[in-house]
Amino acid sequence: MKTFKLISLQILTKEKLVPIKLIDGLIINKEDDFNHWLIEVYTELAAIAFLDEAFQKKEELLVQAVISKKENDPAPFEVTILSIQNFGDKASILLEGTLKRDRKDYAELLLQYLIEEGYEGKKLSNKFTELMQSKPQTFLEKKL
179 MKTFKLISLQ
189 ILTKEKLVPI
199 KLIDGLIINK
209 EDDFNHWLIE
219 VYTELAAIAF
229 LDEAFQKKEE
239 LLVQAVISKK
249 ENDPAPFEVT
259 ILSIQNFGDK
269 ASILLEGTLK
279 RDRKDYAELL
289 LQYLIEEGYE
299 GKKLSNKFTE
309 LMQSKPQTFL
319 EKKL
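Quick note, in my numbering, the sequence shown goes up one by one and the last residue is 322.
Incorrect hints may have been included.
Heads up, simulated BS3-like pairs for lysine-lysine below, C-alpha to C-alpha not over 25 Å straight-line [said to hold, decoys possible]:
(1) Lys236 - Lys199
(2) Lys300 - Lys236
(3) Lys305 - Lys194
(4) Lys208 - Lys236
(5) Lys208 - Lys192
(6) Lys180 - Lys199
(7) Lys183 - Lys305
(8) Lys305 - Lys180
(9) Lys180 - Lys208
(10) Lys268 - Lys248
Source of the hints: derived by calculation from the structure; they are not laboratory data.
Every value quoted in this text rests on a predicted model; they were computed, and no experiment measured them.
With the hints as constraints, model all of the structure from the sequences given.
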């Protein structure tokens with residue numbers, strides 16, 4: 179197994195990417211036959227209230243994780259929540275899933291957002307290219 183520092187994490191909902199404000203986090207490549215990864219997130223309890231329903235229903239989630247360095251491209255994962263442990267006003271969330279090589283979901287979300295913001299034609303193309311080359315966290319900070 180290999181362990182890495184989790185720099186940022188965003189959860190893809192049907193409407194948008196939701197950034198999780200990390201206090202700390204790590205990600206482990208289990209290096210098993212199923213290509214499983216574990217992601218542990220330590221954050222404010224209020225930041226993950228919307229995850230309780232997904233945990234209870236054992237729903238699969240799409241997440242974007244930036245690993246090791248802020249400059250790295252986000253890695254897309256399909257995960258389920260294994261546990262949520264509350265520690266006062268903080269929480270530890272354990273996710274397990276597989277790495278997905280397709281960034282299509284982010285691209286579709288970004289394109290939809292830019293169209294809703296009124297971009298069209300060449301301006302849409304230029305802004306889309308600019309934001310696809312930047313990191314999702316940067317895009318989210320501008321959006322939120």
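Results for each hint:
no.	hint	verdict
1	Lys236 - Lys199	holds (22 Å)
2	Lys300 - Lys236	violated (42 Å)
3	Lys305 - Lys194	holds (18 Å)
4	Lys208 - Lys236	holds (21 Å)
5	Lys208 - Lys192	violated (29 Å)
6	Lys180 - Lys199	holds (24 Å)
7	Lys183 - Lys305	violated (30 Å)
8	Lys305 - Lys180	violated (37 Å)
9	Lys180 - Lys208	holds (7 Å)
10	Lys268 - Lys248	holds (23 Å)
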